[in-house]
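Enquirer: Okay, here's what each chain looks like letter by letter:
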Amino acid sequence: MTDTQPDIQAPDLPAEDSGLILPRRSFLRGAGTLTLSAAAVAMLAGCENAAAGSSASVADISILNTALGAELEAIAAYQVGAESGLLRKPVLDLAVQFQGHHKEHADVLAKTVRSLGGRPVDAKKAYDFPVDQLKSQNDVLGFAAGLEKGAVSAYLGAVPLFQNRDLAKAAASILGDEAMHWAVLRNALGQNPVPVAFVS
Amino acid sequence: MPARRPPFGAAGGGPRKGAADRARAALRRSWAGPLAAAVIIAAMFPAQAAAAPDPARGKQIYDRCLACHAVAHDRVGPRHCGLKGRQAGGLPGFEYSDAMRATGFTWNNQTLDRFLADPLGVVPGTTMTYDGIKDARERRDLVAYLLSLPPCGGR
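As they're listed, the protein sequences go chains A and B. Residues in the first sequence are numbered consecutively from 0, following numbering that gives the first Met the number 0. Residues in the second sequence are numbered consecutively from 0, following numbering that gives the first Met the number 0.
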């Protein structure tokens with residue numbers, strides 16, 4: 000699947016003024032009721048039974064740590080967006096909620112790495128985001144949408160690599176959450192929220 | 000009262016059906032030669048029949064990399080500006096895996112195509128824990144885009 004929409008877009012009108020006010024606001028309010036499945040968290044956290052120190056778990060730790068690094072960066076990116084002053088309610092609430100999801104992902108990924116005998120990667124002291132390109136709410140939403148789309152692809156590319164099938168299932172659960180983020184952000188931008196039948 | 004027209008696809012009477020059959024047969028004859036030639040040519044020259052690498056399409060495929068990479072900034076993965084001709088693991092300031100530093104790769108068409116098809120298979124121990132771009136055409140377009148990126152400015 001290739002999406003023809005660029006990642007950072009600056010439409011002429013801000014999202015609230017683009018003629019889709021009621022449908023999108025309703026959509027955003029509805030999205031606020033969605034949360035990451037607690038079962039998915041339990042799936043990851045329940046992997047203590049995996050053979051810590053085995054070659055399989057070493058490989059899985061590497062995958063989990065790469066995912067953790069990306070989640071920590073996503074948390075920082077949403078923080079930049081939330082503090083930019085460019086996001087207005089209800090979009091701001093949505094960004095904070097999505098950041099909360101990424102924090103949940105990161106927490107459980109770190110716990111799982113530890114349970115497998117590994118050391119979770121730390122957040123970087125500083126991240127290099129293209130803040131000079133973020134001048135409007137839609138710029139921030141477009142940037143976030145690009146990160147979420149990339150996250151969907153990253154998890155899709157990680158799922159088949161896990162030695163432990165429970166971890167693969169849990170990663171697929173996170174993938175689903177990232178895909179919802181991507182769709183809601185696209186909708187907030189006035190784009191088709193689900194442009195294709197398959198993700199890649 | 001006008002005669003009722005037959006529904007689509009239904010036989011409309013002897014003479015009309017015969018004319019339609021003759022038209023379809025003529026159409027088949029007119030296309031048969033060129034189609035057969037095209038199939039034979041494509042089979043004889045598969046490489047020539049394949050589309051040229053398309054960096055614009057590769058840029059769209061690059062969206063899949065955006066969770067970990069950016070063109071101008073180091074992220075979970077290294078930045079991609081100036082990738083053409085760069086030594087694998089050779090970007091100053093980025094913390095590569097030992098496995099990546101040990102490859103001895105120089106990034107070009109061949110090395111990128113090979114690596115992106117199966118990162119962990121080609122470089123066991125890489126932290127690029129991604130299954131790979133399995134479609135050869137997508138990979139060719141992505142590589143064309145990556146190799147088209149300009150040098151990193153001011154870094």
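Calculated directly from the structure, the hints in this document are not laboratory data. Don't be surprised by glycine CBs; every beta carbon is placed ideally from N, CA and C. Check the hints yourself; a few may be wrong.
[Unchecked claim] In silico SDA-like cross-links for lysine to any residue, where the CA-CA straight-line distance does not exceed 20 Å:
| no. | chain 1 | residue 1 | chain 2 | residue 2 |
| --- | --- | --- | --- | --- |
| 1 | A | K123 | B | R78 |
| 2 | A | K124 | B | D73 |
| 3 | A | K123 | B | S96 |
| 4 | A | K123 | B | D73 |
| 5 | B | K58 | A | S199 |
| 6 | A | K123 | B | F93 |
| 7 | B | K133 | A | V193 |
| 8 | A | K123 | B | Y95 |
| 9 | A | K123 | B | G92 |
[Stated by the list, open to error] Between beta-carbon pairs, the in silico distance windows are:
| no. | chain 1 | residue 1 | chain 2 | residue 2 | range |
| --- | --- | --- | --- | --- | --- |
| 10 | A | Q132 | B | G124 | 18 to 26 Å |
| 11 | A | Q162 | B | R113 | 20 to 28 Å |
| 12 | B | R100 | A | P159 | 36 to 44 Å |
| 13 | A | A171 | B | G103 | 33 to 41 Å |
Enquirer: Does each hint hold? Answer for all of them.
Expert: Results for each hint:
Annotation: proposed proximity of K123/A to R78/B holds, straight-line Cα distance about 16 Å (limit 20 Å). The hinted pair formed by K124/A and D73/B meets the criterion: a straight-line CA distance of about 13 Å does not exceed 20 Å. Distance restraint check for K123/A and S96/B: the Cα-Cα separation of roughly 17 Å lies within the 20 Å cut-off, and the hinted pair is therefore satisfied. Proposed proximity of K123/A and D73/B is supported: the alpha carbons are some 11 Å apart, at most 20 Å.
For the hint pairing K58/B with S199/A, the CA-to-CA distance comes to about 14 Å; that is within 20 Å, so the pair holds. Of the pairs offered as hints, the one joining K123/A and F93/B holds, with about 12 Å between alpha carbons and a cut-off of 20 Å not exceeded. With a CA separation close to 23 Å, the supplied pair K133/B and V193/A exceeds the 20 Å bound. Restraint check: the Cα-Cα separation between K123/A and Y95/B comes to about 15 Å, which is no more than 20 Å; the hinted pair holds.
Between the alpha carbons of K123/A and G92/B the distance comes to roughly 13 Å, so the proposed pair stays at or under 20 Å and holds. At roughly 35 Å, the beta-carbon separation of Q132/A and G124/B lies outside the given 18 to 26 Å, and the hint is violated. Look at Q162/A against R113/B: about 24 Å separates their beta carbons, and that is inside 20 to 28 Å. Separated by about 26 Å at the C-beta atoms, R100/B and P159/A break the suggested range of 36 to 44 Å.
The supplied range of 33 to 41 Å is met by A171/A and G103/B, whose beta-carbon atoms lie about 36 Å from each other.
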